[in-house]
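Sequences listed follow chains U and E, in order.
Residues 15 to 326 (our numbering) are what the first sequence spells out, left to right.
Residues 18 to 265 (our numbering) are what the second sequence spells out, left to right.
Calculated directly from the structure, the hints in this document are not laboratory data.
No residue lacks a Cβ here, since even glycine has one placed at the ideal position from N, Cα and C.
Some clues are possibly wrong.
Derived pair list, reagent style DSS-like, types lysine-lysine, alpha-carbon separation capped at 27 Å [as the list claims (entries may be wrong)]:
no.: 1; chain 1: U; residue 1: 286; chain 2: U; residue 2: 139
no.: 2; chain 1: E; residue 1: 245; chain 2: U; residue 2: 227
no.: 3; chain 1: U; residue 1: 296; chain 2: E; residue 2: 245
Counterexamples of contact, computed for chain E against chain U with all Cβ distances above 10 Å [what the hints assert, rightly or not]:
no.: 4; residue: 19
no.: 5; residue: 68
no.: 6; residue: 71
no.: 7; residue: 163
no.: 8; residue: 231
no.: 9; residue: 235
Every beta carbon over 10 Å from chain E, so not counted as near; a handful from chain U, in silico [to be verified]:
no.: 10; residue: 118
no.: 11; residue: 124
no.: 12; residue: 152
no.: 13; residue: 204
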Amino acid sequence: MSRILIIAEHDGQSLNVSTAKCVTCAQAIGGDIDIAVFGKGIEAIAAEAAALESVASVIAVDAEHLAAPLAANWAAEALALADGYSHLLGPSTTQGKDLMPRIAALLGVNQISDIMAVNTANSFKRPIYAGNAIIDVEVPNGAVVVATVRIASWSAAASSGSGSVDVRAADSEAVAHTRYIGLKSGGGERPDLQSAQRVVAGGRGVGSEENFKIIYSLADKLGAGVGASRAAVDAGYVPNDMQVGQTGKIIAPDLYMAFGISGAIQHVTGIKDAGTIVAVNKDSEAPIFEIADIGLAGDLFTVIPELEKLLA
Amino acid sequence: MKILVGIKRVVDYNVRIRVLSDGSGVDTDGVKMSVNPFDEIALEEALRIRDAGNAEEVIVVSAGGDECQQQLRTGLAMGADRAIQIQTSADLQPLSTARAFLKIIEREDPGLVLLGKQAIDDDNSQTAQMLAALWDRPQATFASKLELDGQSATVTREVDAGLETIEVDLPAVISVDLRLNEPRFVKLPDIMKAKRKPLDVIPLEELGVAAEGNLEVGHYAPPPQREKGIMVEDAAQLVEELKNRGLI
Ligand SMILES: Cc1cc2nc3c(=O)[nH]c(=O)nc-3n(C[C@H](O)[C@H](O)[C@H](O)COP(=O)(O)OP(=O)(O)OC[C@H]3O[C@@H](n4cnc5c(N)ncnc54)[C@H](O)[C@@H]3O)c2cc1C
Ligand SMILES: Nc1ncnc2c1ncn2[C@@H]1O[C@H](COP(=O)(O)O)[C@@H](O)[C@H]1O
Chain U
15 MSRILIIAEH DGQSLNVSTA KCVTCAQAIG GDIDIAVFGK GIEAIAAEAA
65 ALESVASVIA VDAEHLAAPL AANWAAEALA LADGYSHLLG PSTTQGKDLM
115 PRIAALLGVN QISDIMAVNT ANSFKRPIYA GNAIIDVEVP NGAVVVATVR
165 IASWSAAASS GSGSVDVRAA DSEAVAHTRY IGLKSGGGER PDLQSAQRVV
215 AGGRGVGSEE NFKIIYSLAD KLGAGVGASR AAVDAGYVPN DMQVGQTGKI
265 IAPDLYMAFG ISGAIQHVTG IKDAGTIVAV NKDSEAPIFE IADIGLAGDL
315 FTVIPELEKL LA
Chain E
18 MKILVGIKRV VDYNVRIRVL SDGSGVDTDG VKMSVNPFDE IALEEALRIR
68 DAGNAEEVIV VSAGGDECQQ QLRTGLAMGA DRAIQIQTSA DLQPLSTARA
118 FLKIIEREDP GLVLLGKQAI DDDNSQTAQM LAALWDRPQA TFASKLELDG
168 QSATVTREVD AGLETIEVDL PAVISVDLRL NEPRFVKLPD IMKAKRKPLD
218 VIPLEELGVA AEGNLEVGHY APPPQREKGI MVEDAAQLVE ELKNRGLI
């Protein structure tokens, strides 16, 4: 039977929802599910992890050098725990993508990126070519499965469980060659892009940082998170953490509204899992209309104020 | 200091890829091939570091069949000093690529290895992290800013929560993100000059690396299609539709 270890993601305060999504993927694989929480002062986070449905136990490794999520430190600690597990999973967030390949290489195995579906305990579906093809990949017999879980493909496990928590000291030592300096967070108080039910996004068509105010304003009316195309980020209208797409965030809100976004494949791959896609673009030939559920050919600077009035 | 830059030959980012109807792969017949866009950014950064006097030599490295010499020549035309092809007909997965790169590192002793954050064909995003692990050196992935400071580098990383800064001792492996720089365009005379720059071909076996432990890739399928949508005339109709679907 499979024994699955999930490496938790958190910000030092609370568990990231991507971990609960990894649990759902682990349930699809089937077997015993444990979660490792690395950090400093992580009791509350460990308790959150232990409450996730079908989690057997949480191993909380509390150490100063694990406080920041440096891949070199976390990978060494994961390696110390890996013995006996058939599967090691992390989310395909930037943190998981940074960490899991390092663990896989130390274990001498290839890694599977972005599991979207489970065929069997060692065969999975994953996207390639910006989501334009889906392949089946199978792990060779007897090899440990190390993988990241595509979080837009999975719902979060409920918090109805009651796993045990085992707090331990670290097995590994701090690496000297890498030092954490800090994090400058771009976002404000709006709902997190990766878990928001509604997302309003703007592209190059919005035209400036100043103009982006109307995107924020509509988002606030709808209680939505705010996303952007790469072009909008590159032009400096918004911070990098808002980028949606192949090389940004892959999201799956119930409602995605794109304003002034043309619909390049690299952008579209980030929103294909959305429930309903709305596109407003003044070019009626824009490729975004090929995938939009509801399209409106029009000027965003006229449409958004009208929408706001109608929603008031 | 030498800088090693990974150059992967991939289907051009503008090509709309199509899955073959028998599910055996994707159609790459007559499709435009290019340098992985992130690798151009990695190379641009390496050239700027060299031209600022902080490195002596930039070496571009590609693992693949002889056709990847085209992309290495592009790298030479951009300004790299020499090129190495790790010659193999196998489709290397990141672990084997990292093992092969490690052998080149042992031969060349670089102070910095710059790779792309991901190859846009397989979208793996693994090779840099694996190489750093095997080499037992620091990794700084998804870099959008890089400052060298003697024996270390300060790297700003694009992460989900914003911009993270870390400091790594050299040698290190850094994977680059889109906003690190804008790669230069290649000029015609540079293409001519690149033909005379050295390009070494080293068979993968000569490095003592085999493409083994691979994940077996089975069936290819096109992504699920979304149902055809509708067009509305104005904001009022849009709101009406959203209400009908229970979305607002
Ligand atoms: C390796 C690689 C990775 C990439 N990764 C990503 C990624 O993760 N995410 C991403 O988004 N892109 C990514 N891109 C970039 C992508 O190819 C496109 O360049 C980008 O998505 C375009 O952004 P845009 O739609 O905002 O801009 P444009 O393509 O310039 O489109 C702007 C649109 O706004 C419309 N418009 C203008 N004014 C108005 C108005 N007043 N009202 C209504 N509509 C208006 C125009 O008709 C146009 O359709 C990547 C590219 C590469 C090469
Ligand atoms: N066959 C290859 N030849 C040269 N560089 C490669 C190769 N495969 C991967 N790389 C490098 O590793 C980066 C990340 O690739 P990947 O891990 O496959 O997403 C790429 O952007 C390249 O810089």
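Do the hints match the structure? See the list:
1. Taking the CA atoms of residue 286 (chain U) and residue 139 (chain U), the gap is near 16 Å; set against the 27 Å cutoff, the hint holds.
2. Straight-line distance between C-alpha atoms of residue 245 (chain E) and residue 227 (chain U) comes to about 31 Å, which puts the hinted pair past the 27 Å bound.
3. A distance of roughly 20 Å separates the Cα atoms of residue 296 (chain U) and residue 245 (chain E); the hinted pair therefore holds under the 27 Å criterion.
4. The beta carbon of residue 19 (chain E) is kept farther than 10 Å from every beta carbon of chain U, the shortest such distance being approximately 19 Å.
5. At roughly 24 Å from the closest C-beta of chain U, the C-beta of residue 68 (chain E) stays outside 10 Å, upholding its exclusion from the interface.
6. With a cut of 10 Å on Cβ distances, residue 71 (chain E) stays outside the contact zone with chain U, its closest approach being about 19 Å.
7. The claim that residue 163 (chain E) lies off the interface holds: its Cβ sits roughly 14 Å from the closest Cβ of chain U, which is beyond the 10 Å cut-off.
8. The Cβ of residue 231 (chain E) does not lie farther than 10 Å from every Cβ of chain U; its closest approach is about 7 Å, which violates its non-interface assignment.
9. Its beta-carbon lying about 4 Å from the closest one in chain U, residue 235 (chain E) breaks the requirement of being farther than 10 Å from that chain.
10. For residue 118 (chain U), the non-interface assignment is contradicted: its Cβ lies about 7 Å from the closest Cβ of chain E, within the 10 Å cut-off.
11. The non-interface label for residue 124 (chain U) is inconsistent with chain E: the shortest C-beta to C-beta separation is roughly 5 Å, within 10 Å.
12. Separation of residue 152 (chain U) from chain E is inadequate, the least Cβ-Cβ distance of about 4 Å not exceeding the 10 Å criterion.
13. Listed as a non-interface residue, residue 204 (chain U) keeps its Cβ farther than 10 Å from every Cβ of chain E; the least gap is roughly 14 Å.
When each numbered hint is compared with the structure, violations occur for hints 2, 8, 9, 10, 11, 12.
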